[in-house]
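Enquirer: Given chain A's structure and the hints, the job is docking chain B onto it.
Protein chains: 2
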Amino acid sequence: MLDYALLSALAAVIRTGSFERAAQQLHVTPSAVSQRVKLLEERLGTILVVRGSPCAGTPAGQRLCQHVEQVALLESELREELPGIRHAGPPVTVRIAVNADSLATWFVAAMAETRDCLFDLVIDDQEHSADWLRRGEVLAAVTSGAKPVQGCDSTPLGALRYVATASPEFVRRHFPGGVHAGSLAHAPCLTFDSKDRLQTLWTRQVFGAEIAPATHWLPSSQAFIDAALVGLGWGMNPEMLVADHLRTGRLVALVPDQPLDVPLFWQRSRIASSRLGDITRAVLRTAGAMLE
Amino acid sequence: MLDYALLSALAAVIRTGSFERAAQQLHVTPSAVSQRVKLLEERLGTILVVRGSPCAGTPAGQRLCQHVEQVALLESELREELPGIRHAGPPVTVRIAVNADSLATWFVAAMAETRDCLFDLVIDDQEHSADWLRRGEVLAAVTSGAKPVQGCDSTPLGALRYVATASPEFVRRHFPGGVHAGSLAHAPCLTFDSKDRLQTLWTRQVFGAEIAPATHWLPSSQAFIDAALVGLGWGMNPEMLVADHLRTGRLVALVPDQPLDVPLFWQRSRIASSRLGDITRAVLRTAGAMLE
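Line by line, the protein sequences are chains A and B. The numbering of the first sequence is the working numbering, which starts it at 128 and goes up by one. The numbering of the second sequence is the working numbering, which starts it at 128 and goes up by one.
Keep in mind that the hints were calculated from the coordinates and are not lab data. All of these numbers come straight from a predicted model, not from anything done at the bench. Do not rely on the hints blindly, as some may be mistaken.
[Claimed, not checked] Derived CB-CB ranges, DEER-like:
| id | chain 1 | residue 1 | chain 2 | residue 2 | range |
| --- | --- | --- | --- | --- | --- |
| 1 | A | Arg178 | B | His313 | 42 to 50 Å |
| 2 | A | Tyr131 | B | Gly404 | 52 to 60 Å |
| 3 | B | Arg288 | A | Arg178 | 27 to 35 Å |
| 4 | B | His313 | A | Glu296 | 47 to 55 Å |
| 5 | B | Asp384 | A | Pro186 | 44 to 52 Å |
| 6 | B | Pro383 | A | Glu296 | 35 to 43 Å |
| 7 | A | Pro283 | B | Phe334 | 43 to 51 Å |
| 8 | B | Asp384 | A | Thr156 | 31 to 39 Å |
| 9 | A | Ala336 | B | Tyr131 | 26 to 34 Å |
| 10 | A | Phe334 | B | His313 | 51 to 59 Å |
Idealized CB from N, CA, C, for every residue including glycine.
Chain A with its partners taken away, still in its complex shape (with noise of 0.2 Å):
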């Protein structure tokens, strides 16, 4: 077996990103950290940890990094059924890829209804947060592929409903003779990163073109709303965040009746102990409630 003294000081100190923290943490030195981690660096013959600030692992450290924290989610079942055993440590922690409208409208919901974890969450676009999957960095993640990932059980979850939007001065502006291909190919939109491609897909279902405006980029759920509400360009914002907005005329929508549903799916990996059933079943009861 593995030292697993070792292997949590490492997890420790990528998690929380300092020698100091993961001494807290641990009720330990930082010096007894230190030790913990050169020795299993050692016996491994390999680095674990990139020194900084913050520390970050390599990859064979993030990799034990999920082996540690699998290894804590199995122990956390087993002390479920056998509540006999002493608790040792922090409760277990479940690390997460979800993209950030789920965040910024129903996710948290689903959180809220499991209390005995912690989460780690990763923010990333939908159809990039089953790569996290692939690659062994996170339990489950929601994401716009249906396809199971290797290992994992897939479950659909609904559709994120979103509206093309911006402010009543903004479609004065710049859509002075209505909203169609060619006045939205020289009005500003605004775009979350480069993995954002949702104005494309709605353009390509209203219009039936790909249109590339000039555009903001802006990585942030409510600074998308924030920045179509002072006219800085026209987005595709959640349903759920504007409905209050659209309601009071501070935003409009481009086209009417013309939203885009992005469907989302629920992966978690089949190591799929009893914590990450709860965790399974709050995340469908809240998004069957909330998402289309």
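Expert: Below, chain B alone, put in the same frame as chain A:
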């Protein structure tokens, strides 16, 4: 002189993440974009784009991309002085590093005052945003460090005020005997990412001790507040974002009258054309009105 037709194609591929979108932006065919990038790679004898989904720049490609954007900035300044020069291509894009909580509170209002450029925002912790400036990957940054990065000017913006907050139910459950170093060590907290030191700074300021409690990792300003509201943990939230919740009692301050003030600075590269001057004026005016 370098060949700017080739360089523009390269920058468009790296910024949009795809040859197709770059082609649309430049109004040429994807194969023309591909030929230009290949030609540039042959001339320079090095790979500039990692083909993938999305495409990404190699370090050399990124560096050329920055150069193109700096030249575009200088050109836009020239066009202001010599309005007779015909404007060719999309408006100039300005890349800025900003901390997530500034973007969530006051930064969009500053962006709204600067209408004739596009923003490409990079989000990073205020203690690390200066690194982007140091590496030449952004033209300006909101930082917590006052000391100017080489080749940059630094101006104080005021302080962003944080309040340690949680839901009333969370406080009843985890702090029945009051909030002190002992009880804080056993209550789950919220941490943005491994660079986030605000919890530590606050507990040191108030209790003279660093505390390393169990934590959720949640890289989103809005999700931080949502998670506090549903009782997942306590967190350091910008006062501007939680003022309403504190007033209505949905959130409470863990320790009244003990905010944490984080001083912020506006650092910008001295290639500072008049264009960056406009942004600087808008940033200083908005920060002056909204920060402490």
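Enquirer: Which of the stated hints cannot be reconciled with the structure, identified by number in ascending sequence?
Expert: Hint 1 contradicted; others consistent.
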